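In the order they appear, the protein sequences are chains D and L. Its first residue numbered 0, the first sequence is counted upward by one per residue in numbering that gives the first Met the number 0. Its first residue numbered 0, the second sequence is counted upward by one per residue in numbering that gives the first Met the number 0.
FYI, nobody ran anything at the bench for these hints, they're computed from the structure. Since the model is a prediction, treat every value here as computed from it, not as a measurement. By construction, the Cβ of each residue, glycine as well, lies at the ideal position given by its N, Cα and C atoms. Misleading hints may appear alongside valid ones.
[As the list claims (entries may be wrong)] Some but not every residue of chain L turned toward chain D, in silico, with C-beta under 10 Å: (1) 0; (2) 49; (3) 68; (4) 70; (5) 74; (6) 75; (7) 77; (8) 80; (9) 83; (10) 84; (11) 89; (12) 104; (13) 105; (14) 159; (15) 230.
[To be verified] Partial pick of chain L residues on the chain D-facing surface, computed with a CB cut under 7 Å: (16) 76; (17) 91; (18) 103; (19) 111; (20) 112; (21) 118; (22) 120.
[Said to hold, decoys possible] If you anchor each label on the Cβ, the simulated ranges turn out as follows: (23) 37(L) / 279(D): 51 to 61 Å; (24) 117(L) / 199(D): 19 to 29 Å; (25) 73(L) / 113(D): 37 to 47 Å; (26) 72(D) / 77(L): 46 to 56 Å; (27) 2(D) / 131(L): 27 to 37 Å; (28) 147(L) / 295(D): 22 to 32 Å; (29) 288(D) / 91(L): 46 to 56 Å; (30) 53(L) / 97(D): 16 to 26 Å.
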Amino acid sequence: MNWKVNFGVTAGVCVLLPFMVPQYSLTVLIEALIFGLFAMSLDLLVGYCRLYSFGHAAAYGLGAYSTALILTQLQPSLPIGIVLAVLVTILAAIPIAWICTRSTGISFAMLTLAFAQLGYAMLFRFRDVTGGSDGIVGIPRPSGPLGITWFQGKTGYYYLVLGCLLGSYLLCRAIVRSPFGAVLAGIRENEAKTIALGYNTRVYKIATVVLAYGFGGLAGALYAAFAGFASPELFFWLVSGRVLIMVVVGGAGTLIGPILGGVFFVFLEHELSQVTDLWPLIFGSIFIAFVMFAPEGIWGILTSRFNAKPEVPNSASGKETSDAAA
Amino acid sequence: MPLLECKGLVRRFGALVAVDAVDMSLAAGKIRAVIGPNGAGKSTVFNLITSVLKPTAGEVIFAGENITGLPVHVVAQKGIARTFQLCHIFPALTARENVRIAAQARDDQRWRFVGGGRVLSRSAAIADEALEHMRLTRFANVSAAMLSHGDQRLLEVAMAIAQKPRLLMLDEPTQGLSLEETDRAVQILKGMLSVGNLSVLLVEHDMEVVFKLADDITVLHRGRVIADGLPAAVKANAAVRSAYLGGSE
Numbered sequence: 000m001n002w003k004v005n006f007g008v009t010a011g012v013c014v015l016l017p018f019m020v021p022q023y024s025l026t027v028l029i030e031a032l033i034f035g036l037f038a039m040s041l042d043l044l045v046g047y048c049r050l051y052s053f054g055h056a057a058a059y060g061l062g063a064y065s066t067a068l069i070l071t072q073l074q075p076s077l078p079i080g081i082v083l084a085v086l087v088t089i090l091a092a093i094p095i096a097w098i099c100t101r102s103t104g105i106s107f108a109m110l111t112l113a114f115a116q117l118g119y120a121m122l123f124r125f126r127d128v129t130g131g132s133d134g135i136v137g138i139p140r141p142s143g144p145l146g147i148t149w150f151q152g153k154t155g156y157y158y159l160v161l162g163c164l165l166g167s168y169l170l171c172r173a174i175v176r177s178p179f180g181a182v183l184a185g186i187r188e189n190e191a192k193t194i195a196l197g198y199n200t201r202v203y204k205i206a207t208v209v210l211a212y213g214f215g216g217l218a219g220a221l222y223a224a225f226a227g228f229a230s231p232e233l234f235f236w237l238v239s240g241r242v243l244i245m246v247v248v249g250g251a252g253t254l255i256g257p258i259l260g261g262v263f264f265v266f267l268e269h270e271l272s273q274v275t276d277l278w279p280l281i282f283g284s285i286f287i288a289f290v291m292f293a294p295e296g297i298w299g300i301l302t303s304r305f306n307a308k309p310e311v312p313n314s315a316s317g318k319e320t321s322d323a324a325a
Numbered sequence: 000m001p002l003l004e005c006k007g008l009v010r011r012f013g014a015l016v017a018v019d020a021v022d023m024s025l026a027a028g029k030i031r032a033v034i035g036p037n038g039a040g041k042s043t044v045f046n047l048i049t050s051v052l053k054p055t056a057g058e059v060i061f062a063g064e065n066i067t068g069l070p071v072h073v074v075a076q077k078g079i080a081r082t083f084q085l086c087h088i089f090p091a092l093t094a095r096e097n098v099r100i101a102a103q104a105r106d107d108q109r110w111r112f113v114g115g116g117r118v119l120s121r122s123a124a125i126a127d128e129a130l131e132h133m134r135l136t137r138f139a140n141v142s143a144a145m146l147s148h149g150d151q152r153l154l155e156v157a158m159a160i161a162q163k164p165r166l167l168m169l170d171e172p173t174q175g176l177s178l179e180e181t182d183r184a185v186q187i188l189k190g191m192l193s194v195g196n197l198s199v200l201l202v203e204h205d206m207e208v209v210f211k212l213a214d215d216i217t218v219l220h221r222g223r224v225i226a227d228g229l230p231a232a233v234k235a236n237a238a239v240r241s242a243y244l245g246g247s248e
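Generate coordinates for the entire structure from the input sequences, incorporating the hints supplied.
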């Protein structure tokens, strides 16, 4: 299995998709890719550091509202607006990360949830700026720089989102395979040992939370500019719960898995919500089924047929074997 | 000047005095064993030196520098590597990756978060060397969880030597091993210690192991030092004998 071939084929199919489906289906495709990006950003925390954030909606909401405010108030070109929104999200994430990483486990989950709900509450407190429960509507997609307009249409916007997803994936992949990423694996496996080896794990965790917020903020920014509005629901804990489910169902700790999880759930919701009002019930059933029967997730199921388990040499307590090895 | 010096270390847990005014020193290039019956305070002394626990009183001087109460990761960066009594490894990672992460801890560019291929490869080279020393090379690509308990303990020692420490601290490296495994571990440790000019502090319950490895011995009993000296002298010491036989003092 050549990674580059698979990646190339998948990317090629994604590039050709707009020519194969009708225009109205592109809406679902774009949302699916955005949620894939959002779920992947959470995977950095859940899959690589085993930090269960139950407030990742904060990243999404921060990205979306920053984009909404920047594009409606400052009116820069769309790419500049998105970049600025991501920077705002990252800056806001630094103190949040600093506080949340003081704890681990369930209290980490609760602290992240608290920050997301704080954001939600502040939207209603500062309704002059945020529009309160109405949110911010009429977000434009300004052209430029250099008079570029291709991303203003639906097909063009699909490619913008696809490009952001691919770029983010390659960057995240580089991060988890770097020396930094190796330390994250250490933190996941045994944090006390990682500290004893001489790593200041707190700094690594803060950096990872900030990175996850950055990519999550990018997803939120892309969503706001696409939907044309930002509403308080983006900050709500249901969003945090949904994205956590996407990560687990997709396959935590694989980056690709959560992207598939996000895409899968957006499609599923789209199809089921046309047929029945009971789709959250089906959502929940699928989640339970995965946790019980396939904890490695969608990506785990897909890859397990190709990866045979490596053979383990006999353990060397016997004298003959140790001599043979020496 | 000794490499490591403990001056009047005290550690209380509530009413219990686990470590009581312990003085101890280790000269560079020597192997000192800390022995004593269960509950003598051996592991507590280890945890005080590596700052996992803060002393109630007393000081730890390492290479002329007071390191008492520094954060654990800072102490490690000074060049003190340790193993834990209850084996601490990264179970889901391969043996090589376990040791590689340990080696990378002392690399100046360990922070690299994109690229960093050279950091990875030079740490991997150090890791392979350490695995070779511990005779674990053929397990390099096996996940640590699959190794036998004895090999896991050796793996943790490999991680410690990959840190290129100035002081190596081993906390009961043969704990929970069968007689056969213990012999093999002692043989490997002895081989490793004789090659490098390492300074080692060794906590050990098994007297046989201690007499095979140590240059000097400190005997702890109920948190106090009751004997300190060459193995032969300690072996003959009456107080040590009564402590080990459970007799009254």
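Structure-based check of all given hints:
no.	hint	in the structure
1	0	24 Å, violated
2	49	7 Å, holds
3	68	15 Å, violated
4	70	8 Å, holds
5	74	8 Å, holds
6	75	3 Å, holds
7	77	9 Å, holds
8	80	8 Å, holds
9	83	7 Å, holds
10	84	12 Å, violated
11	89	4 Å, holds
12	104	4 Å, holds
13	105	7 Å, holds
14	159	9 Å, holds
15	230	27 Å, violated
16	76	5 Å, holds
17	91	6 Å, holds
18	103	6 Å, holds
19	111	5 Å, holds
20	112	4 Å, holds
21	118	5 Å, holds
22	120	11 Å, violated
23	37(L) / 279(D): 51 to 61 Å	56 Å, holds
24	117(L) / 199(D): 19 to 29 Å	22 Å, holds
25	73(L) / 113(D): 37 to 47 Å	31 Å, violated
26	72(D) / 77(L): 46 to 56 Å	52 Å, holds
27	2(D) / 131(L): 27 to 37 Å	30 Å, holds
28	147(L) / 295(D): 22 to 32 Å	26 Å, holds
29	288(D) / 91(L): 46 to 56 Å	24 Å, violated
30	53(L) / 97(D): 16 to 26 Å	24 Å, holds
Hint check: violations occur at hints 1, 3, 10, 15, 22, 25 and 29; the rest are consistent with the structure.
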